[in-house]
Amino acid sequence: MKSFKLFKKISFLANLGLIGTLGLGLQSCNDLLTENVVSRIGNDYINTAKGLNDATSAAYSTMRSWYGTERGMNLTIFGTDSYTNGADGSWKFMNTYTTDFDTRNGLLAEIWNDFYQGINTCNAIIERAPTVTGLAESVKKQRVAEAKFIRAHHYFIFTQLFGGVDLRLKETLAPTKVVKRSTVAEQYAQIIKDLNEAIPDLENKSRSADYGRATRAAAEHLLGRVYLTKATSSAKAGDDYAKAIANFKNVIANYGLTLLPNFADVHKQGNEMNNEVIWSIQYTRDPLTNAGGNNAHVFFGMEYDVLPGMQRDTENGRPFKRYMPTKYTLDVVFNNRDVDSRYKKTFKDTYYSNKPGTYNTSFDLTKKTVTFALGDTAIFLPGYEMSDSERAKKKYQVLVPSRYDERIFPAINKHFDGGRVDRTQFEGGRDFIAFRLADTYLMLAEAQYFSGLKADAAANYNIIRRRAAWPGKENEMVVKADDLNIEFVMDERERELIGEQSRWLDLARWGNLIDRVKKYNPQAAPFIKAHHVLRPIPQLQIDRAEGTSTGFPQNPGY
Numbered sequence: 018m019k020s021f022k023l024f025k026k027i028s029f030l031a032n033l034g035l036i037g038t039l040g041l042g043l044q045s046c047n048d049l050l051t052e053n054v055v056s057r058i059g060n061d062y063i064n065t066a067k068g069l070n071d072a073t074s075a076a077y078s079t080m081r082s083w084y085g086t087e088r089g090m091n092l093t094i095f096g097t098d099s100y101t102n103g104a105d106g107s108w109k110f111m112n113t114y115t116t117d118f119d120t121r122n123g124l125l126a127e128i129w130n131d132f133y134q135g136i137n138t139c140n141a142i143i144e145r146a147p148t149v150t151g152l153a154e155s156v157k158k159q160r161v162a163e164a165k166f167i168r169a170h171h172y173f174i175f176t177q178l179f180g181g182v183d184l185r186l187k188e189t190l191a192p193t194k195v196v197k198r199s200t201v202a203e204q205y206a207q208i209i210k211d212l213n214e215a216i217p218d219l220e221n222k223s224r225s226a227d228y229g230r231a232t233r234a235a236a237e238h239l240l241g242r243v244y245l246t247k248a249t250s251s252a253k254a255g256d257d258y259a260k261a262i263a264n265f266k267n268v269i270a271n272y273g274l275t276l277l278p279n280f281a282d283v284h285k286q287g288n289e290m291n292n293e294v295i296w297s298i299q300y301t302r303d304p305l306t307n308a309g310g311n312n313a314h315v316f317f318g319m320e321y322d323v324l325p326g327m328q329r330d331t332e333n334g335r336p337f338k339r340y341m342p343t344k345y346t347l348d349v350v351f352n353n354r355d356v357d358s359r360y361k362k363t364f365k366d367t368y369y370s371n372k373p374g375t376y377n378t379s380f381d382l383t384k385k386t387v388t389f390a391l392g393d394t395a396i397f398l399p400g401y402e403m404s405d406s407e408r409a410k411k412k413y414q415v416l417v418p419s420r421y422d423e424r425i426f427p428a429i430n431k432h433f434d435g436g437r438v439d440r441t442q443f444e445g446g447r448d449f450i451a452f453r454l455a456d457t458y459l460m461l462a463e464a465q466y467f468s469g470l471k472a473d474a475a476a477n478y479n480i481i482r483r484r485a486a487w488p489g490k491e492n493e494m495v496v497k498a499d500d501l502n503i504e505f506v507m508d509e510r511e512r513e514l515i516g517e518q519s520r521w522l523d524l525a526r527w528g529n530l531i532d533r534v535k536k537y538n539p540q541a542a543p544f545i546k547a548h549h550v551l552r553p554i555p556q557l558q559i560d561r562a563e564g565t566s567t568g569f570p571q572n573p574g575y
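When the sequence shown is numbered by the numbering used here, its final residue is 575 and no position is left out of the sequence of numbers.
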């Protein structure tokens with residue numbers, strides 16, 4: 018979205034009081050004030066045409082607190098069946114669920130604060146838009162619709178993470194201690210109401226001319242996911258799956274969205290604006306307007322940069338080695354690699370030497386030394402236990418699964434960012450794809466499966482699976498209605514969406530987070546407890562509420 022490049026203008030919210038919701042965010046307020054040149058714009062600014070537009074951009078900017086960030090990744094990738102902790106990082110307890118994961122967790126406080134800033138900005142837009150002059154009525158309606166989309170999105174994330182939160186629908190002009198926890202049912206009712214009211218006034222297309230704005234397609238995709246999640250919640254209703262199906266079918270049929278022929282192209286750098294993308298979070302290459310940047314590129318990498326023939330570069334990434342795939346991921350999810358191309362196209366299997374020379378081998382001891390010219394293969398990950406005799410014939414090191422550890426393991430390709438200014442830059446500039454059509458198909462098929470419409474579900478799964486097949490293997494990828502079960506549903510989502518900030522939320526809504534972590538995540542298995550299906554309410558929120566824990570109770574178990 019072009020207007021999103023004006024993020025330096027969002028600090029006018031500080032003087033509108035829009036960052037004071039629930040008594041949080043005072044430090045964030047100060048940070049914004051010190052880094053912006055427009056921080057003294059007054060309360061009336063939002064009542065102008067330009068102010069309303071800038072407020073909408075500011076509301077969108079709070080999406081950057083969740084997508085492509087360490088907080089969003091840790092809360093969706095860690096502590097699942099598919100990823101466990103790598104060697105580095107101070108947040109391993111978010112994977113292992115030890116007692117360090119408590120109410121003082123800084124990442125939870127940040128997302129709580131940032132999303133409530135966004136919600137309060139949306140509340141201001143919704144309330145003030147009717148009196149703004151200088152904007153066409155259709156534009157004002159669209160801005161209100163976008164605000165309702167953003168508010169619904171934030172409350173939906175909150176509901177999945179925390180259960181009941183403070184359902185605040187009016188603009189808060191100053192910090193307040195008067196808060197209460199609403200019910201999950203009340204929150205779902207409001208989320209659905211916001212999205213239903215937003216859809217008619219959003220742009221009726223798959224992609225906004227002002228790229229990055231929510232469209233009807235994005236809102237219907239989100240609404241479908243809301244119903245799919247609600248269907249297994251305490252607020253479930255008998256028609257949730259039917260309503261999910263209707264919304265997903267609308268997205269597929271009405272907006273000209275198409276699956277890319279090649280799965281590898283969906284996340285190919287430079288191709289972020291493709292026909293499969295329904296909605297994405299906008300980042301830039303300008304450090305002044307990129308907030309903290311899209312950081313997803315650092316978390317999934319292995320420690321290639323200290324291995325023979327290699328040094329750190331922008332192409333292969335800054336390897337934080339935070340997330341290591343579990344054996345379940347490698348051996349079960351991606352077990353059909355001769356037919357299904359998604360393993361090969363998801364994981365990086367080859368590193369080319371950028372530091373020529375002769376070296377002693379490190380992990381592949383089938384040869385004593387290796388010698389590389391620039392661009393020679395230095396490391397190859399075949400994904401299976403290549404025999405010692407076969408490995409010995411190679412002029413490079415072969416990293417086999419039995420040698421994986423918390424430092425060296427398969428890294429995923431989806432988030433690499435070779436456009437950073439240098440090899441140390443943390444703030445990536447790639448857009449983060451939040452909603453895409455393949456996920457729409459998967460959720461449609463899942464809703465149909467749980468509705469007993471297995472033939473319809475199989476047909477939609479097969480659309481995704483044929484795209485994923487190696488050429489000539491399409492028929493081998495076809496599944497029949499009788500092949501479907503919950504294990505297939507879970508595995509297929511991860512084959513397609515691994516690393517895309519979905520897994521923890523999926524396991525939580527399926528109701529099997531605890532069982533799956535105990536079964537497949539050995540680091541977390543001894544510590545995860547029943548109460549971990551919700552995250553702890555940030556202690557700062559409880560301390561600043563009227564009546565503290567009586568006025569705003571903590572989730573059980575924390």
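Treat the hints as calculated values from the structure; they're not laboratory data.
We put the beta carbon where it would ideally sit given N, CA and C, even for glycine.
Treat the hints with care, as some may be off.
Stated by the list, open to error - As a list, the in silico BS3-like pairs of lysine-lysine whose alpha-carbon atoms are at most 27 Å apart:
no.: 1; residue 1: 362; residue 2: 411
no.: 2; residue 1: 365; residue 2: 411
no.: 3; residue 1: 158; residue 2: 67
no.: 4; residue 1: 158; residue 2: 187
no.: 5; residue 1: 158; residue 2: 222
no.: 6; residue 1: 546; residue 2: 344
no.: 7; residue 1: 344; residue 2: 372
no.: 8; residue 1: 365; residue 2: 187
no.: 9; residue 1: 260; residue 2: 158
no.: 10; residue 1: 384; residue 2: 412
To be verified - So the derived label-pair ranges between C-beta atoms look like this:
no.: 11; residue 1: 155; residue 2: 497; range: 28 to 38 Å
no.: 12; residue 1: 228; residue 2: 547; range: 20 to 30 Å
no.: 13; residue 1: 404; residue 2: 493; range: 22 to 32 Å
no.: 14; residue 1: 490; residue 2: 155; range: 24 to 34 Å
no.: 15; residue 1: 344; residue 2: 66; range: 29 to 39 Å
no.: 16; residue 1: 355; residue 2: 472; range: 24 to 34 Å
no.: 17; residue 1: 217; residue 2: 567; range: 34 to 44 Å
no.: 18; residue 1: 366; residue 2: 443; range: 18 to 28 Å
no.: 19; residue 1: 251; residue 2: 567; range: 15 to 25 Å
no.: 20; residue 1: 227; residue 2: 546; range: 38 to 48 Å
no.: 21; residue 1: 548; residue 2: 195; range: 44 to 54 Å
no.: 22; residue 1: 361; residue 2: 330; range: 16 to 26 Å
no.: 23; residue 1: 213; residue 2: 391; range: 28 to 38 Å
no.: 24; residue 1: 156; residue 2: 399; range: 28 to 38 Å
These are the hints, each one checked on the structure:
Straight-line distance between C-alpha atoms of residue 362 and residue 411 comes to about 23 Å, which keeps the hinted pair within the 27 Å bound. For a cut-off of 27 Å, the pair hint linking residue 365 to residue 411 stands: about 18 Å separates their Cα positions. For the hint linking residue 158 to residue 67, the alpha-carbon distance of about 15 Å falls within 27 Å, and the restraint holds. At most 27 Å may separate the alpha-carbon atoms for a hinted pair to count; residue 158 and residue 187 meet this at roughly 18 Å.
The straight-line distance between the Cα atoms of residue 158 and residue 222 is roughly 16 Å, inside the 27 Å bound, and the hint therefore holds. Restraint check for residue 546 and residue 344: the C-alpha separation of about 22 Å stays at or below 27 Å, so the hint holds. About 31 Å separates the Cα atoms of residue 344 and residue 372, which puts this hinted pair outside 27 Å; it is violated. Taking the CA atoms of residue 365 and residue 187, the gap is about 48 Å. The hint is violated against a cut of 27 Å.
Between residue 260 and residue 158 the alpha-carbon distance is near 25 Å, which keeps this suggested pair within the 27 Å criterion. Distance hint between residue 384 and residue 412 is fulfilled; the C-alpha atoms sit about 9 Å from each other, no more than 27 Å. With their beta carbons about 48 Å apart, residue 155 and residue 497 fall outside the hinted range of 28 to 38 Å. For residue 228 and residue 547, the Cβ-Cβ distance of about 43 Å falls outside the hinted range of 20 to 30 Å, so the restraint is violated.
For residue 404 paired with residue 493, a C-beta distance near 26 Å keeps the hint of 22 to 32 Å intact. The hinted range of 24 to 34 Å is not satisfied by residue 490 and residue 155, whose Cβ atoms lie roughly 49 Å apart. Take residue 344 and residue 66: their Cβ atoms lie about 57 Å apart, and the range 29 to 39 Å is violated. With their beta carbons about 27 Å apart, residue 355 and residue 472 fall inside the hinted range of 24 to 34 Å.
Roughly 42 Å separates the CB atoms of residue 217 and residue 567, a value that falls within the hinted 34 to 44 Å. At about 25 Å, the CB distance of residue 366 to residue 443 agrees with the hint of 18 to 28 Å. For the hinted restraint 15 to 25 Å between residue 251 and residue 567, the CB-CB distance of approximately 23 Å keeps it satisfied. Remark: the range hint 38 to 48 Å for residue 227 to residue 546 is upheld by a beta-carbon distance near 46 Å.
The supplied range of 44 to 54 Å is broken by residue 548 and residue 195, whose beta-carbon atoms lie about 27 Å from each other. Range check, residue 361 to residue 330: about 22 Å between beta-carbon atoms, so the 16 to 26 Å window is met. Roughly 58 Å separates the CB atoms of residue 213 and residue 391, a value that falls outside the hinted 28 to 38 Å. As the Cβ distance of residue 156 to residue 399 is approximately 55 Å, the hint placing it in 28 to 38 Å is violated.
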